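Number of protein chains: 2
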Amino acid sequence: MSTINAYAAKTKEADLEPYDIKRRELLPNDVKIEIEYCGVCHSDIHQVRNDWGNSKYPVVPGHEIIGRVTEVGKEVSNFKKGDLVGVGCMVDSCQECESCKQDLEQYCENGMVATYNGPDKHLGGHTFGGYSEMVVVREKFVLKIPENLDTKAVAPLLCAGITTWSPLRQWNVKKGDKVGVIGLGGLGHMGVKFASALGAHVVMVTTSESKIDDARKLGADEVLISKDEEQMKKHQGSFDFLLNTVPVGHDTNPYIGLLKRDATMVLVGAIDSVDLHGGGLIMGRKRVAGSLIGGIKETQEMLDFCGEHNIVSDIEMIDIQNINEAYERVIKSDVKYRFVIDMKSIKN
Amino acid sequence: MSTINAYAAKTKEADLEPYDIKRRELLPNDVKIEIEYCGVCHSDIHQVRNDWGNSKYPVVPGHEIIGRVTEVGKEVSNFKKGDLVGVGCMVDSCQECESCKQDLEQYCENGMVATYNGPDKHLGGHTFGGYSEMVVVREKFVLKIPENLDTKAVAPLLCAGITTWSPLRQWNVKKGDKVGVIGLGGLGHMGVKFASALGAHVVMVTTSESKIDDARKLGADEVLISKDEEQMKKHQGSFDFLLNTVPVGHDTNPYIGLLKRDATMVLVGAIDSVDLHGGGLIMGRKRVAGSLIGGIKETQEMLDFCGEHNIVSDIEMIDIQNINEAYERVIKSDVKYRFVIDMKSIKN
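The listed protein sequences correspond, in order, to chains E and L. Per numbering that gives the first Met the number 0, the first sequence runs over residues 0 to 347. Per numbering that gives the first Met the number 0, the second sequence runs over residues 0 to 347.
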């Protein structure tokens, strides 16, 4: 076991502070990674503050990890020292259930092991995430990062990226489809980039007129201000697909009205109660579905697609010492569109 | 125009009473039908009492109509005098939009004409339903009724039947699937019969232990009492499909928990706000969809299937003079499972 530097919240009320954690010695299938960058996800904040009621303290957040391999276990065949790699929201799963066999480890029927706050099978207690110097991860859960991309801007692809990519692929979004992306934050900005790269006619659906220019820069063909009833009426019943990235409970009914008959809205952010009227679904045979991150195979496909199409996140870099301020800004949606921590700063 | 006897509610507060209505003279594509039986649907009560805020008075309810053809327009080719026919929830649609072209007239983009309380294109005002002696309907919206079935028990197939049949077919329910039917009323009892006839392993999901025996008689392989937490836990994550026939707003979350990953619950009754937690959908990539009655082609397919498999509704016959008492009993779920009016009684 190694003791390394990390940043953790020690109670629900506390700010993130320096904290020493343990990482396990390498098992035969393990990869040791020196962390270079770690993205800041809204769910880091939910976990630190126990918003979902399942946090275990100390919480070392971080599941958008980019780094270089420093050592590999003796049975590791896909990675070698020096490789540029990533780790997303999961570090293990049973590998035996129907979901795992179908490369859908995120729905592992025996429970996937989350990158932080998951049950640690090796050291006991719970797992610690990427706000730290180093991580040891089972090879199967390590991703190859295309070397041609801006490395630090790749970090958010591991959560915000795959969370939006997976439903777009699952529901077969294709050239010419009219696709709405609801909410322009960390997830939404990736949704716009991906839907646009897949050839869809992309409409950014946002409450805020201040986001029109940015949405267009990201690739949106149109911007629909959801508070404007006239505009909403104009787009009524016209969407093939809606990707709803709103991270909190909200009224979904105006969005259901935007869908065509038989069309689907996928929720990826709202782990919360939402308002829904049965009539909106019944009258047009419409659908609301959910989607959770994506499997490892699909995440690698997304990263390869990003390498080919030169897609990364729009980010703002911070040092770990500024993490508490960054959290406040995330809550106010005051970031374009994802904070990434330069993990070298942990040694400052 | 003919003036005929009907029963109508003249205000929101009024009981149903005798009332004279007009029917149009036959157009070239029209079929004139002497009504023998008319089913009593819960939505008749919603419309009579303006629960959905869109009622037009006087309301002559009734959209589960069975009768004999008495006369046909000169261009009618599929029906002749004496034929046993049915009329369901629609009497017209534009026939030109994408939905109509796909035999989904119920989702007509220009608005289908409901059998009652719809816009009457010919006489002006609104349409009048089947609580009457006679009806004139465009040929395209008239259905052939298999002569081998118990005629009066066929009436509810025109609404309760097709409303449950359509989602079972749309979502490809097949032999061996574990299918839950939520709620044992007019719709639910047909859902059990159809899912069973399609070869599914059918679980009746009900709040009430008093329904166990009846559910089994209808064809349910198991009965799950939804108020029993132990039983609900046992069935967690095990259903391929849920047909939710609950006719009012309710908490859908316990039912979402019953679905397998990627499985769907279809709402057919709740034209109302429902409680839904995004997390329940997200964590298993689950789906909630809606479904409205069915198209004319699909309704004919259902009737033919019923003819082959000898499926009809379980009914209780009433005279039209007892309709107000029947409404009170429907509201208390005190009917197994559908009232059907013997329309000869209108002449009493």
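The hints are simulated quantities; they were obtained by calculation from the structure and are not laboratory data. Don't take each hint at face value.
No copy labels: a pair is met if it fits in one copy or bridges any two.
Computed list of lysine-lysine pairs in DSSO-like fashion (alpha-carbon distance at most 30 Å, straight line) [as the list claims (entries may be wrong)]:
hint	residue 1	residue 2
1	Lys296	Lys346
2	Lys226	Lys177
3	Lys259	Lys139
4	Lys296	Lys80
5	Lys100	Lys259
6	Lys226	Lys139
7	Lys100	Lys232
8	Lys100	Lys173
9	Lys120	Lys232
10	Lys21	Lys139
11	Lys100	Lys80
12	Lys143	Lys233
13	Lys120	Lys259
14	Lys100	Lys233
15	Lys55	Lys232
16	Lys331	Lys151
Remember, it's a predicted structure, so these values are computed and weren't measured experimentally.
Consistency of the hints with the structure:
For a Cα distance limit of 30 Å, the shortest separation of Lys296 from Lys346 qualifies neither inside one copy, at 34 Å, nor across copies, at 71 Å. Taking identical chains as interchangeable, the C-alpha atoms of Lys226 and Lys177 lie at most 30 Å apart only when both belong to the same chain, with a minimum of 20 Å there against 42 Å between chains. For the identical chains of this complex, Lys259 and Lys139 are inter-copy neighbours only, at 25 Å across copies versus 40 Å inside a copy, given an alpha-carbon limit of 30 Å. In this assembly of identical chains, Lys296 and Lys80 lie within 30 Å of each other by CA distance solely inside one copy; the values are 22 Å within and 64 Å between copies.
In the homo-oligomer, the alpha carbons of Lys100 and Lys259 lie at most 30 Å apart only across protomers (16 Å), although the nearest pairing inside one protomer, at 34 Å, exceeds that limit. In this assembly of identical chains, the alpha carbons of Lys226 and Lys139 never lie at most 30 Å apart, being 45 Å within a copy and 42 Å across copies at closest. Taking identical chains as interchangeable, the C-alpha atoms of Lys100 and Lys232 lie at most 30 Å apart only when they sit on different chains, with a minimum of 25 Å there against 44 Å within one chain. In this assembly of identical chains, the alpha carbons of Lys100 and Lys173 lie at most 30 Å apart whether taken from the same copy (27 Å) or from different copies (24 Å).
In this homomeric assembly, Lys120 and Lys232 come within 30 Å of each other (Cα to Cα) only across copies, at 26 Å, whereas the closest approach inside a single copy is 53 Å. In this homomeric assembly, Lys21 and Lys139 come within 30 Å of each other (Cα to Cα) only inside a single copy, at 21 Å, whereas the closest approach across copies is 74 Å. For the homomeric pair Lys100 and Lys80, the shortest alpha-carbon distance inside one copy (29 Å) is at most 30 Å, but the shortest distance between copies (61 Å) is not. In the homo-oligomer, the alpha carbons of Lys143 and Lys233 never lie at most 30 Å apart, since the shortest distance is 44 Å inside one protomer and 40 Å across protomers.
Taking CA atoms no more than 30 Å apart as the test, Lys120 paired with Lys259 passes between copies only; the shortest distance there is 26 Å, against 46 Å inside one copy. Proximity of Lys100 and Lys233 under a CA criterion of 30 Å is satisfied inter-copy only: 24 Å between copies versus 44 Å inside one chain copy. With identical chains, the CA atoms of Lys55 and Lys232 are at most 30 Å apart between copies only, with a shortest distance of 25 Å across copies and 46 Å within one. Proximity of Lys331 to Lys151 under the C-alpha cut-off of 30 Å is restricted to the intra-copy arrangement: shortest distance 23 Å within a copy versus 63 Å between copies.
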